[in-house]
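First to last, the protein sequences are chains A and B. So the first sequence is numbered by numbering that gives the first Met the number 0: it starts at 0 and just counts up by one. So the second sequence is numbered by numbering that gives the first Met the number 0: it starts at 0 and just counts up by one.
Source of the hints: derived by calculation from the structure; they are not laboratory data. Be careful, since some hints might not be right.
[Stated by the list, open to error] In silico BS3-like pairs for lysine-lysine, Cα to Cα no more than 25 angstroms straight-line:
(1) A:K128 with A:K116
(2) A:K140 with B:K27
(3) A:K140 with A:K128
(4) A:K222 with A:K24
(5) B:K27 with A:K116
(6) A:K29 with A:K222
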Amino acid sequence: MSAPSTNHHRGVGVEVRGLRKSFGKQEVLKGVEFSVSPGEVFVLMGPSGSGKSVLLRHIIGLEPPDAGDILIANKSIQEPGVFDEHHLAMVFQSGALLNSMTVGENVGLYLAEHRLKPPEEINRIVSEKLAAVGLAGVEDKLPAELSGGMKKRAAIARALVSEPALILYDEPTSELDPVSAVVVGEEIARLNQSSGVTSIVVSHDRDLAFGIADRIAVILEGKILAIGSPAEIRRIEEPAIQDFLNAKFSRPKSS
Amino acid sequence: MFQNIGELVLLFWRTLLALPLAWRQRQKIYEQLHEIGNASLLMVCMLGFFIGAVIALQTGPVLVERGLHSYVGGMVGYSIARELAPVMMGVLIAGRIGSAMTAEIGSMRVYQEIDALRTMNIHPVHFLVMPRVVAISVALPMLVAFAILVGWLGGATIAATNQHIQVSAKAFFQDLRNVVELADVIHGVVKSFCFAVIIGLVACHQGLVTRGGPRGIGRSVTKSVVNSIVLIVVFDYLITRVLQK
Ligand SMILES: Nc1ncnc2c1ncn2[C@@H]1O[C@H](COP(=O)(O)OP(=O)(O)OP(=O)(O)O)[C@@H](O)[C@H]1O
Ligand SMILES: [Mg+2]
Numbered sequence: 000m001s002a003p004s005t006n007h008h009r010g011v012g013v014e015v016r017g018l019r020k021s022f023g024k025q026e027v028l029k030g031v032e033f034s035v036s037p038g039e040v041f042v043l044m045g046p047s048g049s050g051k052s053v054l055l056r057h058i059i060g061l062e063p064p065d066a067g068d069i070l071i072a073n074k075s076i077q078e079p080g081v082f083d084e085h086h087l088a089m090v091f092q093s094g095a096l097l098n099s100m101t102v103g104e105n106v107g108l109y110l111a112e113h114r115l116k117p118p119e120e121i122n123r124i125v126s127e128k129l130a131a132v133g134l135a136g137v138e139d140k141l142p143a144e145l146s147g148g149m150k151k152r153a154a155i156a157r158a159l160v161s162e163p164a165l166i167l168y169d170e171p172t173s174e175l176d177p178v179s180a181v182v183v184g185e186e187i188a189r190l191n192q193s194s195g196v197t198s199i200v201v202s203h204d205r206d207l208a209f210g211i212a213d214r215i216a217v218i219l220e221g222k223i224l225a226i227g228s229p230a231e232i233r234r235i236e237e238p239a240i241q242d243f244l245n246a247k248f249s250r251p252k253s254s
Numbered sequence: 000m001f002q003n004i005g006e007l008v009l010l011f012w013r014t015l016l017a018l019p020l021a022w023r024q025r026q027k028i029y030e031q032l033h034e035i036g037n038a039s040l041l042m043v044c045m046l047g048f049f050i051g052a053v054i055a056l057q058t059g060p061v062l063v064e065r066g067l068h069s070y071v072g073g074m075v076g077y078s079i080a081r082e083l084a085p086v087m088m089g090v091l092i093a094g095r096i097g098s099a100m101t102a103e104i105g106s107m108r109v110y111q112e113i114d115a116l117r118t119m120n121i122h123p124v125h126f127l128v129m130p131r132v133v134a135i136s137v138a139l140p141m142l143v144a145f146a147i148l149v150g151w152l153g154g155a156t157i158a159a160t161n162q163h164i165q166v167s168a169k170a171f172f173q174d175l176r177n178v179v180e181l182a183d184v185i186h187g188v189v190k191s192f193c194f195a196v197i198i199g200l201v202a203c204h205q206g207l208v209t210r211g212g213p214r215g216i217g218r219s220v221t222k223s224v225v226n227s228i229v230l231i232v233v234f235d236y237l238i239t240r241v242l243q244k
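From just these sequences and the hints, can you work out the full model?
The following block contains the structure:
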């Protein structure tokens, strides 16, 4: 790595080393290791309860690890100032919009609180970002007046506004209809291409994962089982991974 | 409880450090003030009036029976200004405003809104705690000053109209002015300022440490109100002791 980049449009690399975390007696992360290159779209797949959300919370510094470390652009997040130097954004599984504020205020919050832009400029950016996720014109609504999928998309708009170097998406398409899911997936990929932002996407959505990922990691019970390009992951014959990737509904046959 | 006190002191310190940002957050402080005023002004009026009324009703006949007509105004005025208005309004505001603050911040905590703020490098103390503590610390002393006046009015009304007292409003206030000094009113208002800081900090702290869904919010709200009231009564004694010459 050469001189530290101050350009926030550029993605940062992430390295997770031997990450362990327990809640009480339950060991949720059991030595997770992987690294993500700058500008990569990295998709984490795994069954419910395997520790994906907990892992994302560690990467963005909301949860202290029991052991192990996380490096953002080769700097441990334990060091002070890392999050000031590289802005990270997260789209929460629930959206986590501030319910007492309008959607527009939510989306513009980062800019307004840090006084990065004058109010008219913020309004313009907010409208632009909302339009980009297919939510034009909902600025004045309250989050409670949006559907689950709309909240998710508003949360994505809020993450985009800060022009982060790394975006963590926690199940960005989980509450969306197939068409909106494709729109959001394309938006994630487009953003990644246009600004080079590193994206870590947690998802159960196989179409999304194989559609946008540069690399996929499969996590099971707090451990990374496999990492590779979509094609490599498909070729892996490990039963646990095949079961997860190929699970289908099958109607009970009437005999 | 002791760990709570440590955390409260820490939160107090952080809030103090965030005070220079008050001007930047004036919009939020103003919104909080507005909410506090709207939610409590009518209740403060009623509570203030009836506290004055009941003190007059309790003490008036006893004093008058012993020929101490001219002590009714002073007695009622003094006890309202120094003790009853600040403590009762503190309890009222802990129940009315403190609980709402805890519920709001607690639900933000439970629904990950505070996590979302942190990912945006927005500090919850700057964004949520400081504006609330400042607003309540401004509002409560004003409400108490107002309650003292209303309480005196309530006392005077009962003193004049109750058949066992029958001290005219003019005589009541004359006597009140002989006994109650401005310092007594200031004593009450200063106390209420301390209570306000306590209520604001306890409410925000309980909100921030909320765990475990809607039920957790309920538990936090209860704790917030109970702890505030206990601390108000304890600090009432301590502050009175310190301010006594
Ligand atoms: N704050 C917490 N306290 C205690 N246990 C927790 C906490 N957060 C998560 N867990 C536990 O950690 C495990 C993993 O949770 P996590 O939310 O990471 O799952 P996930 O992989 O994101 O699942 P899903 O796909 O359903 O969102 C779960 O068993 C959960 O009960
Ligand atoms: Mg999850």
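A quick look at each hint next to the structure:
no.	hint	result
1	A:K128 with A:K116	holds, 15 angstroms
2	A:K140 with B:K27	holds, 20 angstroms
3	A:K140 with A:K128	holds, 15 angstroms
4	A:K222 with A:K24	holds, 17 angstroms
5	B:K27 with A:K116	holds, 19 angstroms
6	A:K29 with A:K222	holds, 6 angstroms
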